[in-house]
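Those protein sequence lines, which keep their order, are chains A and B.
Using numbering that gives the first Met the number 0, the letters of the first sequence correspond one by one to residues 0 to 481.
Using numbering that gives the first Met the number 0, the letters of the second sequence correspond one by one to residues 0 to 497.
Think of the hints as simulated: they come from the structure by calculation, not from any bench.
There is no bait here: all hints are sound.
Listed next, the stretches of chain A that the computed footprint assigns to chain B, with coverage defined by at least 3 CB atoms under 8 Å from CB atoms of chain B: (1) 44-54; (2) 82-95; (3) 275-287.
Ideal Cβ positions, reconstructed from N, Cα and C, are used throughout, including at glycine.
Residues per chain are reported as follows:
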Amino acid sequence: MSLTWEAVIGLEVHCQLLVPQKLFCGCPTTFGGVPNARTCPVCLGLPGALPVLSREAVACALRVGAALECVTRATSIFARKHYFYPDLPKGYQITQYEAPLLEFGGLDIDTATGVRRIGIRRIHMEEDAGKSIHTDAGTLVDLNRAGVPLVEIVSDPDLRSADEAVAYLKALHEIVRFIGVCDGNMEEGSFRCDANVSIRPAGSPVLGTRTELKNLNTFKGVHRAIEYEIARHAHVLEEGGAVVQETRLWDDAAGRTRAMRGKEDAHDYRYFPEPDLPPLRVDADEIAAARASLPPLPAEIRRRYVEELGLTAYDAGVLTSEPALVRWYETALTHHRNAKGLCNWLTTELLGRVAVGELETCPVTPAGLAELVALIDDGTISGKIAKTVFDGMFESGESPGTLVETRGLRQVTDTAAIEAAVREVLEANPTQLAQFRAGKVTVRGFFVGQIMRRTGGTLNPARVNEVLDRLLAPTDNRPDES
Amino acid sequence: MAPPPLPFASLRTARAAIATGEASSAEVTQACLGRIAALDPDLGAFLTVDTEGAMSAAAAVDAARAAGKALGPLAGVPLALKDNLSTRGLRTTCGSRMLEAYVPGFDATVVSRLRRAGAVILGKVNLDEFAMGSSTENSAFHPTRNPWDPTRSPGGSSGGSAAAVAARLCFGSLGSDTGGSIRQPAAFCGVVGLKPTYGRVSRFGLVAFASSLDQVGPLSFDVRDAAVLFGAIAGHDPADATSALSDVPLDLGQLPEGGRLRGVRIGWPREYLPADGLEPAVAAAVRRALDTLGALGAEVVPVSLPHAEHAIATYYVIATAEASSNLARFDGVRFGHRAAEAATLDALYSRSRAEGFGLEVARRILLGTFALSAGYHDAFYAKANQVRALIRADFESAFGEVDILVTPTSPTTAFALGERTSDPVRMYLADVFTTACNLAGLPGLSLPCGFDDAGLPIGLQMMARPFAEAELLRVAAAFEDAAGVVGRRPPAAAEARP
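Next up, chain B with everything else stripped away, as it sits in the complex:
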């Protein structure tokens, strides 16, 4: 079955067309559902498609427009949600057998904000189980394929969010990023992914992986769409005590076309260029990107992040420690998978958890439990927090000299499915450029900056000072306008309108 083309090239044009009546939300939603039906059986981006909910939300927007009511900033636009964001009445599996049948009674704050903005929620997309992974192969249900090459991984853990956007099954999606889980799949799939500043977007309703690192953010076709989605979900939430009070800049979607970057200072960390395992094509693309930024008027200088090399080790201690705690609630008592015929309480716990959790989740719970254990706590968890403070100080110092830091998002382009599943350490190294950003709580964005010889997209990471998303988006938009890579579509979406 040939999929219907996606009728608009961006979330913004779709929103505008729906608002003017050029297209109805029902038509646009139907087109997305048609593409999902045609393409997703092979792609595997979705875990749950909510046809009924999506069509009813679309009808509501169309009715509101017909009645002359004011429309929200995302009115009628179909989106996909990573399946670790709680959705009222719609099962939220976290890609885990543990929550295969779990239906939340409440919406995550970001979900209710999307609904209030008029968004149409198509369904829930795939992820590594509990967001633990870098390839989406740790999903308990099925892997997701990369729209650019079905033998390759879309990255992870927000692989479903990235693949669904890249394949034009929706106009944008939300993912979550604990150590790179939005940016790395965005890079692998050739889309834009934004991890906001820690505290910028509410975590309420996001099933926690590592609470001090997790952030929800958008994946989109381009930088300006990311800005629109970010604007819709960001801002203080009294239900999240770690949510920041600072204001979200308005009119993020109004980034100037063909903006220049005079006066902007851009730094590239010496420790990252070159780096072990960095593919030459990626290094070359990043150097070209730095040239482009320079040509736009930015001052491009090298900076130093002396503790960057410890970021991965630090991250995997802190993230697993917090995960071991956050996942303690999945005990088979109140919700989620419960082992049948457990004779004792201990058996109920150990069997429910052994049956409900996959291998990588179990590995991380064990690692984290060990890191927090009496006698090891100081050597691991406490030490990791000391290094975290040093990494944060590195960034503070770098941002004394520059406004934006530029690095590769991932050392490689999309790797083949199955290539790294038996080697967890090698899998963890996919996050080598992204974890420091989470450890320091900074906003980070990945956008396409080129392609390798196999035609796979290469991602460029930009990071900014805390709460400087507006500046980050402005610089990213200017680069995107100048770099001219945004028009390329993966084969799966080639028939979509340019």
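Chain A on its own, in the form it takes in the complex:
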């Protein structure tokens, strides 16, 4: 008999906060560099050194809480979590245990069955450990990372599949990057995920025994590891076995999880309140300031772009991939409200040439691009000429208005002038005209090209077509008859 299993998944995500200084000392948080160069008595855990909490990191954590709609504790408590490891200088990690800063939040994700809210059980602040580098000659320890501020975001066990877990993780990743609290760099470890996985017969209210998966370094890894683990649990249970509660490492190359030596439950962390730090008090003003400092979140922006600006879901997605892009786009919109036009020029032309990170220093400004689109929209230039103007803007940094004037790119819509130009071309090319008359209609394209080339492309293309058609028409106004 084959049961239908339901997976129950919760994620624990560690985010390195984007603040310049460590959580309890003044050392810089920059990644890499000469090992152990960015350390001091506090983050080295030297005898007599004491931690002092960075309020900047607290403010940053409060922003995470605001974005994930958490309740903030007015008084939260730091605690010591004890274990011995060479990259843990004090023999304990300062974290929050019984009284975390933030609780009871949530995050909406898109699933196969529609939007679902995933509960955020708690978000607490803690310091990172250092890094152990295992070499053939022995283990080396780099404490540059020791004391770097983290928040651990713990979801409720609300996720039901690997797809949902990844959707949640991506949504979380997007938000923390978007609000500027974390660079989201999974390779450098500034955004790390552990997954708790269990399964139960579909419909059962009882939770199965869970395993904790570590070493999930990519979204794909998270997906594969959870899928693997769900299948492994099902196999164990279907064979009549029992899942062992343990921590398992994902081996990406082998595509499987394996038990870590030493069970986590054998660990007694001996938590107790950190006596070197008074309780962390946060007042209503700080919570309000965190909320007020938040930009609109990407999901909300996408909804608005589609519903109010009429963009496609795809375009809205591209524009909200980076906060800098949203800022740039919205600044441009304040100058000219052609949402679609600006989106196209920004995403295809401009981002075809520069990366998002270079937008701020790019010679094409939001106001400049908005002016360009406005010039197209009011017929001053054609879309084709606009590309020339855009090239000029990109090279010289000049405004499109200036470029149109100095280079004589203004579109000609005056019928008489257009007619003169068309006639000139037809007269200059009697052979082609004869061919056209003989029925070779493709020659028409040759005339358009000639007209545009002679006039530098400034003639309104629609009018040119109109006039050309009229002059080529068999009945009247043939140039050779006038």
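Fit chain B to the supplied structure of chain A, relying on the hints for placement.
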């Protein structure tokens, strides 16, 4: 070799003489170094004497004075530091093999404040290993003897700080007090010791024993010297998150001579007089002290501290729990003793720690680890914190009725070396009157109030409301002026100028 006499009777007179040029700091420092050289081989107060550093600091003060520069409140005065206070470039052993060769790269905040005040640091003095003990016999290097009787303990854990002051090897010292470690040795050695309010003095650079209880404070010849030293080290430190923001009263050294105590209400806890194990001579001296305080105009009344009897048990759970955590960093990885030839990481840890820590430290780490363990945490650590809250409430209630509480500092005078080392519980009972003060975070002071039949000093403890050190010092100074015990010198310092 006969030691040179100490040229001045107090830190204040030494400071004044150096400031006026009557004496140079170099001469005064030289006198202290001479006394250390002559007396300390027998006394064992010092672990490290920094002759070069001291003479160079003294020369700097003398040069500053010659140049007409303003001098700090401790300018040129030689002091000693308990060896759990970090000193830049000067080894800081904590009385432990673990840190035998450890040289800090930074000064504790109290040390930099002393330096800024112009103090001359003679060196580092002995203590029970990591400040865990009540006799200084737990030092990994050697015990310190009591200047009043070399067969006896100077108390502990700041035994070196107390003995060095009592023997007039320096003009004052700093100690640390977690459960009585300044006050009890001060009592045993017949000097003044002040444990400030928790948070009053920075703990930055003090190698932690029990973080919620530890405070740094001065030991001195008399109350007014204690006030000067306290004034120099107290005050907010941004590097210590538990350091208080409240202001330190100025002019603590200007305590009025022969002050009266009219309007001051003094309470003596019924639970402490009499108490089990309290020596009759100590009880009698404390009763006489209460009479003296009454005669000075204070209103002396009995008060009640109903949970006082649980203070020792509560203290030894909380202090060991915090110690087990604070001492986790001594793992042989980054600093301190590392076992040779450890084949595995676990072996590195267990052997480095087994070799580096002494028996009492190991005992307390084990006790504390147990008290915090899953399944025992609630019965021990959590329960102890509940009792701590009750003890604190007892004091709040008592201080609703009185301004100062008076108790014996220690139930006995100095006990013999070796007498209690095999009986840790009996050793722990030496702290019976002092631990509650730390649990409640109050300021407490010990000063001499008499002598027993063997001629050993008896200490009187006074406690005040949080941050009321100024009042505590004022009452203590008035008592000191009236009690007339301050002039007595131990044999080792008998030749010193009165």
